[in-house]
Amino acid sequence: MSAAAVCLAIIFLIVAVGAGIGFLAGVRRRMDLEQWTVAGRGFGVLLVFLLMAGEVYTTFAFLGLSGWTYSRGGPTLYALAYLTLAYVVSFFILPPIWEVGRRHGMQTQSDFFRVRYGSRYLTAFVCTVGIAAFVPYLQLQITGVGIIVSIASFDSIGRTPAMAVAVALLVGFVFAGGVRAVAWVSVLKDALMLIAAVAIGIGVPLLCFGGIGPMFAALAAARPTHLTMPGATTNLGHAWYVSTVLLTSLGFYMWPHAFGAAFTARSADTLRRNAVVMPLYTLSLAFIFLAGFTAVLAIPGLANGDLAMLTLVRRTFPPWFLGVVGGAGALTAMVPAAIFILTASTLFAKNLYRPLIAPTMTDDQVARLARGTVVVLGFLSLALAMFTSTTLVSLLLIGYAGVTQFFPGVVLGLYWRRITTSAVFTGVVAGVAMAVFLMLAHRDPWFGVSAGFLALCLNFVLVVLVSLLAPAPNTDSDASPGTFELRPSVG
Amino acid sequence: MRRPSTAATALALIPFAAMCFSVSLWDRVEPMVLGLPFNLSWLIAWIVLTPLCMVVAYRIEAARNARGPDA
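Chains as they are written, first to last, in our numbering: chain S, 1 to 491; chain G, 1001 to 1071.
Treat each hint with caution, since some may be false.
Unchecked claim - Covered stretches of chain S (in silico footprint by chain G; criterion: 3 or more residues with CB under 8 Å from a CB of chain G, positions within the stretch not fixed):
#1 225-239
#2 280-287
Claimed, not checked - DEER-style ranges, computed between Cβ atoms:
#3 1009/G / 301/S: 47 to 53 Å
#4 360/S / 1009/G: 42 to 48 Å
#5 1066/G / 104/S: 43 to 49 Å
Stated by the list, open to error - Derived, one-sided and incomplete: chain G residues facing chain S with beta-carbon distance under 10 Å:
#6 1009
#7 1032
#8 1043
#9 1046
If you are wondering where the hints come from, they were derived from the structure by calculation, not from laboratory data. Glycine is no exception: its CB is placed at the ideal position from the N, C-alpha and C atoms.
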């Protein structure tokens, strides 16, 4: 068999097994809305871990990080810090979110805003920002599948057929098995990704330079500034690092899918245990850094840094291993894409369509509409990936800055009684507007500080000020501090 | 919602101080540790140390929850 045929066969086998696991996960269960979106709130530590790891380690971790390490150097280190710290933050916010979620039967992030603040318009705004933020993220994953499979198959499969097959499969298993399917496909995805990352991170420097130490010694001698901040950039210095790590670690669980994953847990304690162990998984990313740094001297002058790792693997490893990397990479894009599509569809059906257009719909009708939306969104994202350029990557950063603006409404909503609905609305609208404006005006970073972080500061100040302007509520001493206030559900 | 205990919050601030705020102190290439640049090895060390901080925070919160919701 030719090298390309070996690779292709292995990629195909891995993707087929992955999709098969997804289909089986939903078999013999009645998929009502509660099963489909939050798996009946029955996941233990291991499945929550797999689901959360599955949605964190996306094509951005696989291709983007090695690409950034290659083209920008030092500033990329922010990824190791923010992921670790995001789990520290989750220790404090996910267990209370789970508690109120169970008490009020929440399945989505927008449910949280509806129950806590009782405003139909705030909920619709939060829901729309959430869905909009998914569009570039989803498109990035689908484009990633195309890149990975075409390189790993020695260009014998085009990008478009690879993307079409991947979308059809992931739409199929999400439709059939919901969030349970996503968690189970993650088992295979994470195992393969871990093997690939370790083998690449150790193997590539060994084959090119005789080891990790010699590789860094050579790089430190040839490009001494590449390893520290601002690396190969001019404006990503220490102020950028601190503000970006804060923005992304606080904002991480504000992504609607990450927030929603909390509701799948069996108990609040599951989430606390999970928060303790999750940081260790960040170690797997360190190996990807090693590959990116090796590429700087081994294959200089690539126009697109995102291709650095795969190009290096193709050059240094046997074809069958490239097939394993290709298959792992394809699943690494498909699993997050699946959870994005699942979350966006549920948000659309449950928190946008039903309250605004058809208030009389039953939960079963919502579930049917959400599953139908999965198919529509799948093909929409495929079309986007086929017809738009890579400029969407900058939209992804806007999406991140956008969802992070939910943070004050969530955290102060949990812990601070005096917060008012109009204060949260003011803060989140101002924060999103400022982030989008600065980023579209190419003012990110602004005076060396992440634009999204500045927007978050403005948002926080506004929420606190506007809340304090409202007359102090009668302190009802009889309400125990453990209760989550219910507000009337009128718009 | 009941606020987390001061001790658990303080433990959580340790990784933030080490991995985020102190960046200008450890963002250096030398001295290399086990062949890795100093900044990379520092962050890797804290990826391992962070769960240790959080295990202690977990114990503190678990003991507090065991004493009942109003303790």
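Subject >> Closest C-beta approach of residue 1009/G to chain S relative to 10 Å, hint status >> reply: Since the shortest Cβ distance to chain S is 8 Å, the answer is holds.
Original post:
Does the hinted range 42 to 48 Å hold for residue 360/S and residue 1009/G at CB?
Top reply: 46 Å, holds
Subject >> Assertion that chain G covers the stretch 280-287 of chain S - criterion: three or more residues, beta-carbon distance below 8 Å >> reply: With 4 residues close enough to chain G, the hint holds.
Original post:
Any CB of chain S closer than 10 Å to the CB of residue 1032/G?
Top reply: Since the shortest Cβ distance to chain S is 7 Å, the answer is holds.
Original post:
Does the Cβ-Cβ separation between residue 1066/G and residue 104/S fall within 43 to 49 Å?
Top reply: Since residue 1066/G and residue 104/S have Cβ atoms about 25 Å apart, the given range 43 to 49 Å is violated.
**OP:** State, for the Cβ atoms of residue 1009/G and residue 301/S, whether the hinted interval 47 to 53 Å holds or is violated.
**Re:** 48 Å, holds
Original post:
Has the stretch 225-239 of chain S got at least three residues whose CB is nearer than 8 Å to a CB belonging to chain G?
Top reply: holds (count 4)
Original post:
With a cut-off of 10 Å, does the beta carbon of residue 1043/G approach a beta carbon of chain S closely enough for the hint to hold?
Top reply: Holds, about 5 Å.
**OP:** Hold the hint about residue 1046/G up to the distance rule: shortest CB distance to chain S must be less than 10 Å.
**Re:** At about 7 Å, which falls below the 10 Å cut-off, the nearest Cβ of chain S leaves the hint on residue 1046/G intact, so it holds.
Violation of the numbered hints given earlier is confined to hint 5; every other hint is satisfied by the structure.
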